[in-house]
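Here the protein sequences line up with chains A and P, keeping their order.
Sequential numbering of the first sequence, starting at 1, is according to the working numbering.
Sequential numbering of the second sequence, starting at 1, is according to the working numbering.
Worth flagging that the hints you see were computed from the coordinates, not collected in a lab.
It cannot be assumed that every hint is accurate.
Since the list can't tell identical chains apart, any single copy or any two copies may satisfy a pair.
Pairs of lysine-lysine residues, derived as BS3-like cross-links and limited to a Cα-Cα distance of at most 30 Å, are as follows [to be verified]: (1) K5 with K118; (2) K5 with K177; (3) K176 with K209; (4) K5 with K106; (5) K141 with K118; (6) K106 with K118; (7) K118 with K40; (8) K118 with K29; (9) K118 with K209; (10) K177 with K106; (11) K5 with K29; (12) K163 with K106; (13) K29 with K106; (14) K163 with K5.
These are the residues of each chain, in order.
2 protein chains.
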Amino acid sequence: MRRIKLVVDYVGTRYHGWQVQPGKDTIQKRLEEALSLLCKEEINVVASGRTDSGVHAVGQVVHFDTNTEYGLVAYVRGTNNYLPDNIRVLSASVVDESFHARFSAKQKTYVYVMYQSKEERAIYANRAVRIDEIDTNAIDKACSYLLGEHDFASFMSSGSDVKTTVRTVYRAELIKKDGLYEFYICANGFLYNMVRKIVASLLRVGVGKMSVVEFRERVENPDINSLPYVAPAEGLYLLNVEY
Amino acid sequence: MRRIKLVVDYVGTRYHGWQVQPGKDTIQKRLEEALSLLCKEEINVVASGRTDSGVHAVGQVVHFDTNTEYGLVAYVRGTNNYLPDNIRVLSASVVDESFHARFSAKQKTYVYVMYQSKEERAIYANRAVRIDEIDTNAIDKACSYLLGEHDFASFMSSGSDVKTTVRTVYRAELIKKDGLYEFYICANGFLYNMVRKIVASLLRVGVGKMSVVEFRERVENPDINSLPYVAPAEGLYLLNVEY
Numbered sequence: 001m002r003r004i005k006l007v008v009d010y011v012g013t014r015y016h017g018w019q020v021q022p023g024k025d026t027i028q029k030r031l032e033e034a035l036s037l038l039c040k041e042e043i044n045v046v047a048s049g050r051t052d053s054g055v056h057a058v059g060q061v062v063h064f065d066t067n068t069e070y071g072l073v074a075y076v077r078g079t080n081n082y083l084p085d086n087i088r089v090l091s092a093s094v095v096d097e098s099f100h101a102r103f104s105a106k107q108k109t110y111v112y113v114m115y116q117s118k119e120e121r122a123i124y125a126n127r128a129v130r131i132d133e134i135d136t137n138a139i140d141k142a143c144s145y146l147l148g149e150h151d152f153a154s155f156m157s158s159g160s161d162v163k164t165t166v167r168t169v170y171r172a173e174l175i176k177k178d179g180l181y182e183f184y185i186c187a188n189g190f191l192y193n194m195v196r197k198i199v200a201s202l203l204r205v206g207v208g209k210m211s212v213v214e215f216r217e218r219v220e221n222p223d224i225n226s227l228p229y230v231a232p233a234e235g236l237y238l239l240n241v242e243y
Numbered sequence: 001m002r003r004i005k006l007v008v009d010y011v012g013t014r015y016h017g018w019q020v021q022p023g024k025d026t027i028q029k030r031l032e033e034a035l036s037l038l039c040k041e042e043i044n045v046v047a048s049g050r051t052d053s054g055v056h057a058v059g060q061v062v063h064f065d066t067n068t069e070y071g072l073v074a075y076v077r078g079t080n081n082y083l084p085d086n087i088r089v090l091s092a093s094v095v096d097e098s099f100h101a102r103f104s105a106k107q108k109t110y111v112y113v114m115y116q117s118k119e120e121r122a123i124y125a126n127r128a129v130r131i132d133e134i135d136t137n138a139i140d141k142a143c144s145y146l147l148g149e150h151d152f153a154s155f156m157s158s159g160s161d162v163k164t165t166v167r168t169v170y171r172a173e174l175i176k177k178d179g180l181y182e183f184y185i186c187a188n189g190f191l192y193n194m195v196r197k198i199v200a201s202l203l204r205v206g207v208g209k210m211s212v213v214e215f216r217e218r219v220e221n222p223d224i225n226s227l228p229y230v231a232p233a234e235g236l237y238l239l240n241v242e243y
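Build the full structure now, drawing on both the sequences and the hints.
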């Protein structure tokens, strides 16, 4: 028995999110089916975390245990033979059995992609979110309040069961390039809908519907479900996971 | 009767190219259906040029004649109501009846998008083309030979009926950013498959299968169908058309 770590990317548009659910087409289901065919045994995969319906991944990390002893390239290309082209295994490595895709993760980075346009654009459909003109200085200032250790309960949707809502944010930065706005956020962990709630609030700051002061207060005075706004799933990409 | 100019973008993946063909789902068909519903009359559109199956557009330009006198925003949003989200009208303007989307075009720019990776990536499926490592210096040199007026017959697929195979290239440039390689080419017109044949040859130069000298000879010694290589449609985007 050995443990294999995979890096996987996917376009989440056509799936009901990462996690296996009865009767639904999910990314985990597709990956487990492909790996089970390749390994000729039932394979269960553990991911660094779920992604919701419509959310994409550039570098999701998963692990699984197998009795097979294929060369590493087989776990990449052999699996890809059984996958649709909107899910791809990018690399494989053998890891110690103490490695756990979820519990060993030290930090994760997400990017949320937006474009400024009066009209919705076909080339960004399901891949990025249309926004109006925004005050990037105000957003930059709001971003600075996210850095460090905070209780992010204000930016969590209820319904999740977590021991603590305290997380440490290492990076929160809006970058503009070629007409796209990319919001990068790196933290030691994320609460349910945390990135999408932060983005929704930052965009409200950017169009003047929320002051930078109020944003800061939401960070400093944690209150679950105090912010009902959730940015659409289609702009969100899990960029990478560090161990 | 007045003539309306539209700027349109689309993801070509699911269509049999631009042009109406019996029994096929095409972008022109979808756009004409949407405009005919909006205008309550049969609308025929003329584009700056066809795009092949799988090719995308960021700024395709079309014109059509109509008896309607809607406000311009109606031709944008009204049409979009009848279109799938992989085809969008971005803007509309009233133009003189001497304006012709194809014949009035002064120059067009295409971009061909590639990414360097050992494995194919889901997030670029149908949107960009995987390549191996390339010698960008050799490609830059080859690009310089494309500039100016040349007979580009070597870079045309047969089967097209054109008066002349002479075209003037104003820009031919490979730009690397964020792991993507984007090849921009601007000219006063393009032959059938010209961009895809140029890209295929440039990539052969980039991996050492064609010398820069041979590339230059192909430009200087026009010979239809002397180069069988055609880069895949999915990396190609019609970026804009200038009048």
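Hints versus structure:
no.	hint	in the structure
1	K5 with K118	between (43 Å within a copy, 17 Å between copies)
2	K5 with K177	between (33 Å within a copy, 29 Å between copies)
3	K176 with K209	within (21 Å within a copy, 38 Å between copies)
4	K5 with K106	within (15 Å within a copy, 53 Å between copies)
5	K141 with K118	within (25 Å within a copy, 39 Å between copies)
6	K106 with K118	between (39 Å within a copy, 26 Å between copies)
7	K118 with K40	between (52 Å within a copy, 26 Å between copies)
8	K118 with K29	between (38 Å within a copy, 25 Å between copies)
9	K118 with K209	within (19 Å within a copy, 45 Å between copies)
10	K177 with K106	both (29 Å within a copy, 28 Å between copies)
11	K5 with K29	within (17 Å within a copy, 47 Å between copies)
12	K163 with K106	within (17 Å within a copy, 64 Å between copies)
13	K29 with K106	within (26 Å within a copy, 51 Å between copies)
14	K163 with K5	within (27 Å within a copy, 58 Å between copies)
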